[in-house]
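As a plain string of letters, each chain reads:
There are 4 protein chains.
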Amino acid sequence: MAYSAEKLKEEKVFKDPVHRYIHVRDRVIWDLIGTKEFQRLRRIKQLGTTYLTFHGAEHSRLNHSLGVYEIVRRIIDDVFKGRPEWDEGERLLSLCAALLHDLGHGPFSHSFEKVFDLDHEHFTREIVVGNTEVNTVLKRVGEDFPKKVADVIAKTYQNKLVVSLISSQIDADRMDYLQRDAYFTGVSYGHFDMERILRVMRPREDQVVIKQSGMHAVEDYIMSRYQMYWQVYFHPVTRSAEVILTKILHRAKHLYETGYKFQQEPVHFYSMLTGNMSVSEYLKLDEAIMFYYFQIWEEEEDAILRDLCRRFVNRNLFKYVEFHPSNDQMNKLMELNKLFRKAAINPDYYLVVDSSSDLPYDFYRPGEEEERLPIHLLKKDGDIRELSRESEIVDAISGKRRTDHKLYFPEDLLWDDSAKKNIKKQIRRLLELE
Amino acid sequence: MAYSAEKLKEEKVFKDPVHRYIHVRDRVIWDLIGTKEFQRLRRIKQLGTTYLTFHGAEHSRLNHSLGVYEIVRRIIDDVFKGRPEWDEGERLLSLCAALLHDLGHGPFSHSFEKVFDLDHEHFTREIVVGNTEVNTVLKRVGEDFPKKVADVIAKTYQNKLVVSLISSQIDADRMDYLQRDAYFTGVSYGHFDMERILRVMRPREDQVVIKQSGMHAVEDYIMSRYQMYWQVYFHPVTRSAEVILTKILHRAKHLYETGYKFQQEPVHFYSMLTGNMSVSEYLKLDEAIMFYYFQIWEEEEDAILRDLCRRFVNRNLFKYVEFHPSNDQMNKLMELNKLFRKAAINPDYYLVVDSSSDLPYDFYRPGEEEERLPIHLLKKDGDIRELSRESEIVDAISGKRRTDHKLYFPEDLLWDDSAKKNIKKQIRRLLELE
Amino acid sequence: MAYSAEKLKEEKVFKDPVHRYIHVRDRVIWDLIGTKEFQRLRRIKQLGTTYLTFHGAEHSRLNHSLGVYEIVRRIIDDVFKGRPEWDEGERLLSLCAALLHDLGHGPFSHSFEKVFDLDHEHFTREIVVGNTEVNTVLKRVGEDFPKKVADVIAKTYQNKLVVSLISSQIDADRMDYLQRDAYFTGVSYGHFDMERILRVMRPREDQVVIKQSGMHAVEDYIMSRYQMYWQVYFHPVTRSAEVILTKILHRAKHLYETGYKFQQEPVHFYSMLTGNMSVSEYLKLDEAIMFYYFQIWEEEEDAILRDLCRRFVNRNLFKYVEFHPSNDQMNKLMELNKLFRKAAINPDYYLVVDSSSDLPYDFYRPGEEEERLPIHLLKKDGDIRELSRESEIVDAISGKRRTDHKLYFPEDLLWDDSAKKNIKKQIRRLLELE
Amino acid sequence: MAYSAEKLKEEKVFKDPVHRYIHVRDRVIWDLIGTKEFQRLRRIKQLGTTYLTFHGAEHSRLNHSLGVYEIVRRIIDDVFKGRPEWDEGERLLSLCAALLHDLGHGPFSHSFEKVFDLDHEHFTREIVVGNTEVNTVLKRVGEDFPKKVADVIAKTYQNKLVVSLISSQIDADRMDYLQRDAYFTGVSYGHFDMERILRVMRPREDQVVIKQSGMHAVEDYIMSRYQMYWQVYFHPVTRSAEVILTKILHRAKHLYETGYKFQQEPVHFYSMLTGNMSVSEYLKLDEAIMFYYFQIWEEEEDAILRDLCRRFVNRNLFKYVEFHPSNDQMNKLMELNKLFRKAAINPDYYLVVDSSSDLPYDFYRPGEEEERLPIHLLKKDGDIRELSRESEIVDAISGKRRTDHKLYFPEDLLWDDSAKKNIKKQIRRLLELE
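Protein chains in written order, with the UniProt record's numbering: chain S, 1 to 434; chain A, 1 to 434; chain W, 1 to 434; chain B, 1 to 434.
Derived by calculation from the structure, the hints in this document are not laboratory data.
What you are looking at is a predicted structure, and each value in this text was computed from that prediction instead of being measured.
Be a bit skeptical, because a hint or two may be false.
Any copy will do: because identical chains look the same in the list, a pair fits if it lies in one copy or spans two.
[Unchecked claim] Taking lysine-lysine pairs in the BS3-like style, the calculated list, with each CA pair at most 27 Å apart, reads:
id: 1; residue 1: Lys9; residue 2: Lys81
id: 2; residue 1: Lys7; residue 2: Lys253
id: 3; residue 1: Lys319; residue 2: Lys253
id: 4; residue 1: Lys261; residue 2: Lys114
id: 5; residue 1: Lys81; residue 2: Lys7
id: 6; residue 1: Lys332; residue 2: Lys406
id: 7; residue 1: Lys114; residue 2: Lys160
id: 8; residue 1: Lys261; residue 2: Lys284
id: 9; residue 1: Lys7; residue 2: Lys211
id: 10; residue 1: Lys425; residue 2: Lys332
id: 11; residue 1: Lys319; residue 2: Lys342
id: 12; residue 1: Lys380; residue 2: Lys425
Work the whole structure out from these sequences, hints included.
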């Protein structure tokens with residue numbers, strides 16, 4: 001029997017708190033789960049630094065990846081199967097792409113990518129097509145199968161219906177993470193009727209569409225998404241940890257570039273610092289390794305690196321105040337910058353503006369949403385209409401970008417009775433801390 | 001105002017998926033949560049290797065510790081408060097002991113303690129009374145307060161009512177972990193009506209008792225506990241990972257003791273290997289550090305250490321068969337031992353009997369249960385009766401120890417077409433693999 | 001001890017699927033629950049005919065009334081207590097008003113009130129101040145206490161803070177029913193973080209306000225409300241049952257007024273039909289009594305009454321098509337009217353336009369919302385701002401009334417092979433059934 | 001196409017709070033749901049008088065019947081389908097029997113059957129094979145199909161595998177009601193992992209068996225069942241309402257038999273009282289009709305009937321004390337009997353011993369369990385073993401019948417300051433009320 005058609009003798013199941021069970025019958029999927037590149041995702045948290053705000057959010061990307069796979073499996077096997085618009089020959093490809101779509105994520109991706117100019121999507125492709133266990137499994141299906149999987153994940157695959165299963169404004173990726181992140185953080189947002197949405201999904205030539213009768217479930221999903229972004233993903237405490245983490249990486253990079261002598265050579269970082277990182281080096285990076293370095297750096301000679309690492313590891317975070325980028329506030333920021341320098345607190349690391357921004361829904365896809373397809377409804381008469389033209393509530397919020405700016409700083413350093421007493425008093429007044 | 005009586009200006013809450021919210025008003029509790037020793041518990045999983053079986057079980061001991069604190073807080077503030085048998089002066093002590101009761105746990109405690117003859121309870125005491133941030137906070141309450149906290153955790157404190165809140169057969173520790181572990185694994189066991197149990201708890205001189213009317217809720221709790229032990233805690237796949245982990249540590253110890261030259265010095269292990277570990281060294285150990293070493297050891301020269309680490313990190317676990325320690329089976333085990341040696345698979349590391357054993361409930365406390373008080377019911381007439389004398393279902397299972405033995409081995413090594421073909425065939429037959 | 005201050009020797013609890021437990025300590029509350037007027041609410045469904053669409057929605061108004069009481073109790077005892085803006089002297093009054101706010105509801109209130117020009121709020125007052133067991137209990141608190149309770153429910157009580165607890169756009173009434181109706185129907189809408197909302201409620205002179213930090217939870221509540229209205233309360237199948245029920249009552253009224261001789265005298269309806277109904281007669285009406293008559297009427301001589309009752313009792317409902325009140329459609333409706341008459345299907349009973357309309361949120365309170373206060377946020381600096389000025393998402397939907405019209409008819413009567421064959425064919429074409 | 005094979009054009013779903021959705025594709029099932037005999041189950045509560053203890057337990061037998069159907073559907077379509085031991089030709093029969101198994105239940109069956117010597121199983125058969133809408137639908141499948149359905153429900157059908165789906169110690173009936181009753185009452189018992197149990201069910205010649213690997217899930221189910229019986233089904237307050245209801249029926253029967261002249265003829269009861277009830281008369285009985293009579297009887301001349309009806313309708317229940325049928329207690333009961341007569345409180349109606357008894361599990365099936373098959377496990381080697389031989393915990397409780405006796409009486413009548421003052425004091429002492 002062709003490897004691609006091989007079934008396990010007995011279905012395997014993983015107990016999953018969100019979907020109850022993850023079901024695996026395909027040998028290919030089973031083998032992919034067993035690869036070391038996939039298992040590595042256990043050592044990368046799904047929500048980065050969020051666990052420092054919501055202590056339950058300690059779940060890994062492996063957790064989420066299994067969930068996305070399960071949702072795609074249900075769409076295909078329970079809803080699409082047998083419909084003329086669906087090509088069953090794309091089934092295995094869709095499942096593999098779903099399972100592997102986050103494979104290239106590194107530790108605390110957000111900060112790393114910013115500081116070292118990395119791109120997890122690039123590494124996902126490299127792992128899928130490179131010399132890895134994942135690639136070996138995929139190649140057994142067909143010589144060009146790894147490339148196809150990479151193309152689906154990169155959204156360049158020609159069958160856009162397959163792409164839309166994992167990359168659209170209502171794809172399996174988002175449906176899993178909203179529910180999963182809600183479950184692990186324990187927040188009451190993030191609930192929507194996924195079972196209903198799955199039941200009303202229909203395959204069309206270039207995308208998944210939603211039967212009109214499921215419009216309200218989709219509205220609910222969009223509202224959940226909105227709440228999760230502002231209540232969880234952009235939580236100011238999480239962003240504080242993120243700011244510190246980013247500054248740790250900046251400092252390490254700066255020290256390396258200025259010839260600083262580390263007590264223990266940070267070998268895991270070298271190729272990253274030189275901008276020349278191989279897949280095998282990349283795969284060694286996970287959050288355990290990061291914490292090893294952060295712990296060691298808690299004893300480094302450089303005071304800034306030492307302090308920032310201690311803050312991150314021991315959760316002694318920066319405080320924040322609201323910040324609106326008006327002229328007034330920009331002037332105040334420059335004034336604070338000067339005062340921080342006078343107080344011998346390096347503002348490059350200790351005075352940080354962080355901004356979060358989100359569009360709850362849009363149909364013309366600007367910015368981050370660029371490659372996410374809008375949602376289309378399938379009307380009773382067969383017509384297809386973009387969601388915001390049918391839903392008054394979605395229309396009302398469509399295109400309304402919301403942005404939030406905060407100014408982060410270490411409040412504990414602003415109170416000590418040092419020689420800088422008066423300067424710190426000035427700083428505290430400007431920050432309205434007293 | 002005395003530090004012990006200080007309240008936060010505004011109550012702080014942590015969103016918790018199990019108890020909805022953790023509420024903190026006491027300054028002391030807030031300060032303890034902020035210590036680096038408490039924050040370290042984020043880097044130690046509550047359920048050790050269980051996440052390799054139940055992928056959701058990635059929650060940390062910090063998570064659980066907050067939960068135990070919250071349960072004790074509710075018992076005291078919502079149920080005991082104002083009752084003559086309860087001394088409000090013990091409130092803060094009880095809360096601190098609840099929060100800190102797991103402070104001395106190291107990474108993968110079970111395996112570490114076995115191999116290196118460590119004792120997490122010893123380290124809990126050392127951290128509480130030693131030179132730590134936790135100690136500094138506790139000492140602000142009173143000079144002897146750290147010792148009192150340590151005594152409650154060690155169950156030697158003279159007020160046994162306080163002790164029983166966190167150490168009995170129905171204490172806050174167990175009530176939290178059963179529910180929490182059920183939540184994160186996603187299993188349907190582990191549910192019981194905690195709110196009802198809390199409502200019927202009553203303080204008595206030397207222990208918490210349960211009003212007779214809550215007996216059925218307690219029965220349900222005991223059944224939950226039974227199911228969680230056999231379905232989750234003793235799951236054979238989890239034990240397989242545990243076996244491998246233990247063998248890694250054994251091997252590393254053996255290599256160290258026989259003068260092996262590691263490619264990178266395992267400095268974090270030295271004092272453990274020499275049996276002379278300080279608290280500050282102990283506190284540096286967490287699961288991130290362990291994974292750093294396991295990753296490095298994946299490339300070690302020693303084939304056994306290398307192989308075991310790869311298995312653990314990439315979840316390539318041992319298989320198992322049932323094993324009953326009868327004469328027949330012991331003979332078979334010895335035979336297998338010989339065959340493994342002949343096949344050049346060191347049986348000291350690759351052929352392991354693992355046993356799990358549990359008493360669902362007992363009133364005379366043998367073995368592990370030694371220090372756990374039995375459960376007492378408070379009857380309407382004021383009499384107090386041990387649970388199994390009132391509950392037929394508890395009586396039926398009381399004292400019934402259940403034990404499970406399994407024999408673990410690396411099945412993948414038993415199939416290759418090497419020179420040892422015939423020996424391996426013999427092994428496979430003895431293990432009934434074919 | 002004054003009756004108003006009497007506490008039960010031991011707290012009573014009712015197991016509640018939504019709030020876990022309903023807690024009762026006050027003797028007055030306990031006694032009110034035991035009155036026959038309150039117990040009568042067990043025989044009136046909370047959601048009228050909704051159980052014919054969502055089979056789980058069989059819960060009664062007693063169920064909901066206990067829930068509203070419990071929410072108000074938590075707000076007062078857990079959040080307001082001890083705050084200077086809260087007058088503890090209003091506690092019992094608030095609890096009684098919460099418990100009794102729906103006391104005057106009759107069976108299938110919506111239809112009854114429309115057909116017989118009744119007003120449940122009028123009857124609530126009459127029951128509270130009239131010669132009833134509820135009144136006897138309340139009078140033991142104080143001679144003017146029943147009137148005060150009635151005033152709070154009627155929103156005329158001078159302390160508007162007390163009124164707002166049960167009548168505002170985010171009151172205990174709505175918070176209970178959204179969650180309760182979601183629970184019993186099983187829909188996934190209706191979830192919001194009530195515990196968080198309760199924690200951020202603050203008493204102010206003339207209303208409850210919400211701390212700014214709880215704004216997102218309130219947004220979520222408003223979205224839940226929106227979904228519940230359109231997914232559950234206005235479900236077209238429920239409205240079909242409602243239409244039939246209304247027509248049954250219309251027909252019975254018409255028959256009575258035209259001197260029809262019923263096989264069994266509908267004594268329970270007489271005073272209603274003559275528009276002169278006493279409280280004691282009103283209290284005898286419940287849904288069991290209605291079903292007794294509907295069952296008897298299934299055998300009445302009048303064909304319309306008989307048919308409609310059979311439809312309602314056996315759930316043989318009307319079908320519907322979309323209807324927009326344009327000129328075209330109005331003409332079509334008139335045409336249908338004529339055709340129905342020709343086909344000997346009385347359009348007064350068998351061709352019905354039903355409209356539902358809702359405002360998701362508004363601050364200027366038109367229509368049904370007239371007496372519902374808008375939601376106010378309490379900012380950090382003490383300022384109070386109306387919600388839609390702070391929340392972009394609420395602002396986006398604020399004031400957007402949505403209306404839905406449907407045309408109901410008995411499809412089964414339009415297909416039979418009778419003499420009216422051609423007329424029915426015409427009707428079916430106009431209704432686009434073929 | 002044969003009617004039996006007809007599918008709906010589009011699958012119909014009912015939102016169900018327990019199973020999320022009930023799925024219907026078969027035309028036969030859809031038509032059966034629409035019959036008036038099935039719709040009548042909406043007017044009969046699943047748990048009789050339990051709603052007077054647990055206010056959420058207002059759900060109907062229709063609710064439960066849909067659930068049983070859905071479970072059987074899943075077993076057949078998701079687990080049995082394609083297995084050689086399963087005859088797909090029995091599918092529709094199994095679904096119909098599941099849906100209709102409770103069809104013959106009357107209002108408050110338990111009390112009615114006791115007093116009037118009725119048998120709901122008899123009426124189920126009569127409705128299925130008699131002149132009813134249900135029969136008409138079933139006959140369209142085949143002339144002998146109604147009889148087959150009746151046989152499956154009566155457990156006399158020759159294919160015992162089909163019978164065991166709805167009648168064994170782990171059938172769809174029980175699995176639905178345990179979960180459903182837990183959901184609507186809100187208790188935390190009643191949870192077990194049904195999805196897991198379904199997955200490990202296997203068809204065998206004469207029954208459903210459970211794969212050994214699902215043993216723990218089955219243990220959990222048995223414990224849930226035990227808790228539900230003692231916490232919910234046998235709750236003493238529910239039994240108090242049941243006692244009063246039974247006494248109402250007894251009294252009405254007695255009055256009828258002694259020629260009492262009712263103010264309104266209880267026509268619905270006549271054939272029941274004469275022991276000669278037709279199916280069509282039986283079908284008119286539902287709980288709405290009962291409440292109509294109870295309300296009317298609240299004003300009857302007979303003081304006992306009047307009082308008991310008021311108690312039942314207004315939930316003014318009997319109190320209870322423990323009662324053990326020892327010689328001592330029997331003597332006390334006789335003494336109380338005499339004293340009640342002296343106090344002019346008729347003990348035939350006002351002094352009632354009620355007993356509940358249950359076997360948590362048994363393999364030899366005595367008493368009520370007579371026709372319930374024990375549970376069999378399918379071992380890896382194909383052997384089949386009775387559950388209690390494999391499970392220590394089930395063995396421990398197997399065959400342990402538990403019985404509870406209570407003595408019920410109207411406490412409120414024992415306190416008034418009447419001429420019987422001293423006698424009542426004696427009664428109160430004997431009952432240990434003071």
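Homo-oligomer pair classification [Lys7, Lys81; C-alpha up to 27 Å]: Both ways: Lys81 and Lys7 sit 17 Å apart in one copy and 17 Å across, limit 27 Å.
Alpha-carbon proximity context of Lys319 and Lys253, limit 27 Å: Within. Shortest intra-copy distance 25 Å satisfies the 27 Å Cα cut-off; inter-copy 45 Å does not.
Alpha-carbon proximity between Lys7 and Lys211, which holds within one copy, between copies, both or neither at 27 Å: between (32 Å within a copy, 21 Å between copies)
Intra/inter-copy verdict for Lys9 and Lys81 if alpha-carbon distance must be at most 27 Å: both (22 Å within a copy, 16 Å between copies)
Status of Lys114 relative to Lys261 across identical chains (alpha carbons, at most 27 Å): within (24 Å within a copy, 39 Å between copies)
Alpha-carbon proximity between Lys114 and Lys160, which holds within one copy, between copies, both or neither at 27 Å: neither (30 Å within a copy, 53 Å between copies)
Identical-chain pair category, Lys425 with Lys332, by Cα at 27 Å: within (15 Å within a copy, 78 Å between copies)
Same-copy or cross-copy closeness of Lys380 to Lys425 [CA-CA at most 27 Å]: between (67 Å within a copy, 22 Å between copies)
Alpha-carbon proximity between Lys7 and Lys253, which holds within one copy, between copies, both or neither at 27 Å: For Lys7 and Lys253, the Cα distance exceeds 27 Å both inside one copy (49 Å) and across copies (43 Å).
Within, between, both or neither, where Lys261 and Lys284 count as close if Cα-Cα is 27 Å or less: both (23 Å within a copy, 23 Å between copies)
Within, between, both or neither, where Lys332 and Lys406 count as close if Cα-Cα is 27 Å or less: within (14 Å within a copy, 59 Å between copies)
Copy assignment of Lys319 with Lys342, given that the CA separation must stay at most 27 Å: Only inside one copy: Lys319 and Lys342 sit 20 Å apart there, 64 Å across copies, limit 27 Å.
The structure does not agree with the numbered hints 2, 7 stated previously, though it agrees with the rest.
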